[in-house]
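**Student:** Reassemble the complex: the two chains are provided individually, in unrelated frames, and hints are given to aid placement.
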Amino acid sequence: MTELERRNQRTALTLAGVALALFLISFLGYLA
Amino acid sequence: MNVSANPTVEALEPGHPAAHGHHGAPAGLWRWVTTTNHKDIGTLYLWFAATMFLVGGLMAMVIRAELFQPGLQVVQPEMFNQLTTLHGLIMIFGVIMPAFTGFANWQIPLMIGAPDMAFPRMNNWSFWLLPVAGAFLIGSMFLPGGAVAGGWTMYPPLYLQGGISYDLTIFAIHIMGASSIMGAINIITTILNLRAPGMNLMRMPLFVWTWLITAFLLIAVMPVLAGAVTMLLTDRNFGTHFFSAAGGGDPVMFQHIFWFFGHPEVYILILPAFGIISSIIPTFARKPLFGYASMVYATASIAILSFIVWGHHMFTVGMPAAMQLFFMYATMLIAVPTGVKVFNWVATMWKGSLTFETPMLFAVAFVCLFTIGGFSGLVLAMVPVDVQLQDTYYVVAHFHYVLVTGALFAIFAGIYYWLPKWTGHMVDETLGRWHFWLSTLSVNVLFFPMHFLGLAGMPRRIPDYALQFADFNRIASLGGFVFGASQILLLVVIVKCIRGGAKAEARVWEGAQGLEWTLPSPPPYHTFATPPELK
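Chains as they are written, first to last, in this note's numbering: chain A, 1 to 32; chain B, 33 to 567.
Just chain B, with the same shape it has in the complex (with noise of 0.2 Å):
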């Protein structure tokens, strides 16, 4: 993409230099709370993001040490259904969405040549309200019975039977919420209206492309999420019976309107990680996007599809064999657009330049380990198979490989690819690779024995289990301690980048194309101020 000038403030309106005081951000921790800028508050998802990984991932640690052995070592049963049910909840609505969010603050405007985004005010409190909800969370752990201990996906009658920290847990619900519909707005109004001349839709990057139909996604399913977790409310608290089938009320209705909810949200924490690998793989490659539109036509076929695919969350709940087959065959032609992405992401590799920095090992493992998730998704597509396989830890298998190999390796292959641009220091690439590799390894030692221990017919969400599922639970809780110990790594890579390094360039990559890449790295406090001119 070829742009006319260097465009900072600098450069557009010379004799104002992007130094000068009140260009620059402001000092001390007051910045951070009253920020309206869209770096800043892309910077403060991510650090919120890697928190939250913090906290959910001590609570899986404690997940895998309790179940390193047959019987109860480390935790009672009450507890571990609470770090479950936490772990969820924190990794989906506390690490994966604030991550992608920031990558949207940080890239979107500087992708589309957009000074900032469409409401910057809006967009601090989008950010400010998740710390709160957060704490909700996590604090109702100390509260009189303890966090949530249903499971992240809430059911009734169990929801409807808990103590104070359910209504806490709702109502934390209900502000993520809200942050989240805020959020999508700013996105989608950013992307309609701010694009720089000449950025039309067909040539915006994917990243953004992904994101575009993500915001739509959220706006339409969590509001439902919201009407769902608000009728729990009212049935706790004010004598309805929406799903209390004491009152004459339904609990399987809970599960509908939730997973209406619930299957779009699991494009929504995966569209963005493939917008990332879209941008990565054509730098490493050096060769642009193989089908670029074919590229966004399958992102929104799978996002059109997601709406129709909710009751296979359901087939064991009770329902007719031609609602069973529905769900079966919808659910199976989503592998046709999402083959076609990897099919485009493969292309894009053949016969491509190509060099392995730690973005695009991340990027590549994504595609293979991505790619095992959504297979052993088809499995469990097929109504007899998921009949046999429901609640066991094949789920957990699968549902890990789709959002740890693929959400959270792509938020890491993003985090390696961008932060030279927002720091201006290279990152150690010798700690990138032990991490990816540490990782790489440790993941697989973690989630693929699980799909045997599934098989063999081991429950999910139980603390203890019988003897014959010993070895294979032993060995995942090894990978386990050596994946959550070589995260600290990344730790230090951010960090190290973040305080010094090797200077780095505007174009941080010799084969990275887009708007971004004509900033400076870091680019200065206020970019595009001016809309860059695109050719």
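Chain A on its own, in the form it takes in the complex (with noise of 0.2 Å):
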């Protein structure tokens, strides 16, 4: 893997973890 494509990686998954904790936050953290 280069290191373009690791960075490319760290990125979109930082966003997928956002966009992830977002979703529980909305559903689950209502339970709360």
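If you're looking for bench data, these hints aren't it; they were derived computationally from the structure. One thing to keep in mind: the hints can contain errors.
So these bits of chain B aren't anywhere near chain A, every CB distance computed over 10 Å [as the list claims (entries may be wrong)]:
1. 67
2. 178
3. 403
Among the chain B residues that face chain A by a calculated CB cut under 7 Å, a handful are [said to hold, decoys possible]:
4. 213
5. 221
6. 225
7. 228
8. 232
9. 251
10. 255
11. 258
12. 259
13. 265
14. 355
Computed beta-carbon distance windows for the label pairs [said to hold, decoys possible]:
15. A:10 / B:491: 39 to 45 Å
16. B:349 / A:28: 21 to 27 Å
17. A:21 / B:562: 36 to 42 Å
18. B:423 / A:10: 44 to 50 Å
The beta carbon of each residue, even a glycine, is placed where N, CA and C say it ideally should be.
**Tutor:** If you want it as structure tokens, here you go:
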């Protein structure tokens, strides 16, 4: 894996993590 | 922008020409199913949007036929409600968003000097989820009980009561949301990591900037919509009571969550339009964009403000006066960065060497007519006025000026502007002008009388109405039929342009600036395999 591919993956995973967190907050957060 | 060489595969790798087999597009239908090429996927998005535009447009024609005169003539009320609901969902999720994503796929790599999107295979997957979701939405019309009929906003308790099509629609929303989130991740990663050396952020074309900000909005709000519809799903099928008052839930909570998504969604639908217009006006004014940096900051300001105005969709639902005042003033604040943009577009044209080819005609119409939609938005932002006008045709007039003469006209402008680059052929200017004038005149005949209908108190989402609304409805319907029919011209223009026409040069428009215009028209299948050098 090249350095660029690693950087792309880091960016994508960070963004996907943010999206997942927002989903969980808006869904499960309501239960809390 | 200066580029050292013509950065095609052919130019950069002598002896390994772009026309060489494995560099060209594979043949046949399988090419489109398996493609990972950003140009192919852009084309797929645009054709998908065009198909959905036909479906959603036909629904609008039936709606306007029913409203042509008082009484029930064409469809029953149940079907009418299904049509208005599906028309909204299809036009938002099936037309405007995919069309802008199509532009993003085609243009962003070309504009920043990238060889493709950062994740080409995910790009393919993002697209191919959409026809599935579209088929679910449209197919639900043929299920027992028909399609969803509770409005595109999906409010409970109506959405807790419907049949199987409601579950299918929720599933479709989930799929479209996943597609949007993957698309947004791809766009952000591409823009942040794949820019050519020298293409720093403040040198990026404004279309790229607006899409970068739009993609962040998508990441922020699509999961919230997914959360809201997931709760609808569990309320409907798994015994939860998030929104069911009978079980101690709160239906109003859904509205808050929905509009926390819904208002930024409005800007997801319009920010890329701002980007397209900001590309076109400087080209045909033959001047650089006035106030580039302020355009970037204005776009970011609009995006940030969009998170604190959702309550203006709910003024009559019930909220403390202090909250109403907060949402009212926050909403009015958005007029400031939007005003900056309109000012900058006009200032770009000021003393420019203006010519009015079809893309510029649509761009100028956008500036004038979108501003009308913006002003009626300001009117609706005032709580006492909104209390009178909510759920009337004034609201319908407002958002159609924003989304049709705003977003859709920008899409038309973008098609006329970049189609010669994509196909290698110039568009038929005469037909384009006919399309422009017919569309622009008829769209005002269609939507302007709706302001009067709303002010007179005609509610939205009704198939029948009191006699005093007959005249303006008839005028609006006539405008609607002409607007609908004139879109056939657009299809003719596009098909003609793909099949042939005058050869387009690399720099299609004399005043066009940017990397995409350094490539031949059409660009080779693979471009910028080696990054261009910017000076």
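**Student:** Could you run down the list of hints and mark each one as holding or not?
**Tutor:** Consistency of the hints with the structure:
no. : hint                     : verdict
1   : 67                       : holds (20 Å)
2   : 178                      : holds (29 Å)
3   : 403                      : holds (33 Å)
4   : 213                      : holds (5 Å)
5   : 221                      : holds (5 Å)
6   : 225                      : holds (5 Å)
7   : 228                      : violated (13 Å)
8   : 232                      : violated (17 Å)
9   : 251                      : holds (5 Å)
10  : 255                      : holds (4 Å)
11  : 258                      : holds (5 Å)
12  : 259                      : holds (3 Å)
13  : 265                      : violated (10 Å)
14  : 355                      : violated (20 Å)
15  : A:10 / B:491: 39 to 45 Å : violated (51 Å)
16  : B:349 / A:28: 21 to 27 Å : holds (25 Å)
17  : A:21 / B:562: 36 to 42 Å : holds (38 Å)
18  : B:423 / A:10: 44 to 50 Å : holds (46 Å)
The structure fails to meet hints 7, 8, 13, 14, 15 from the earlier list, while all remaining hints are met.
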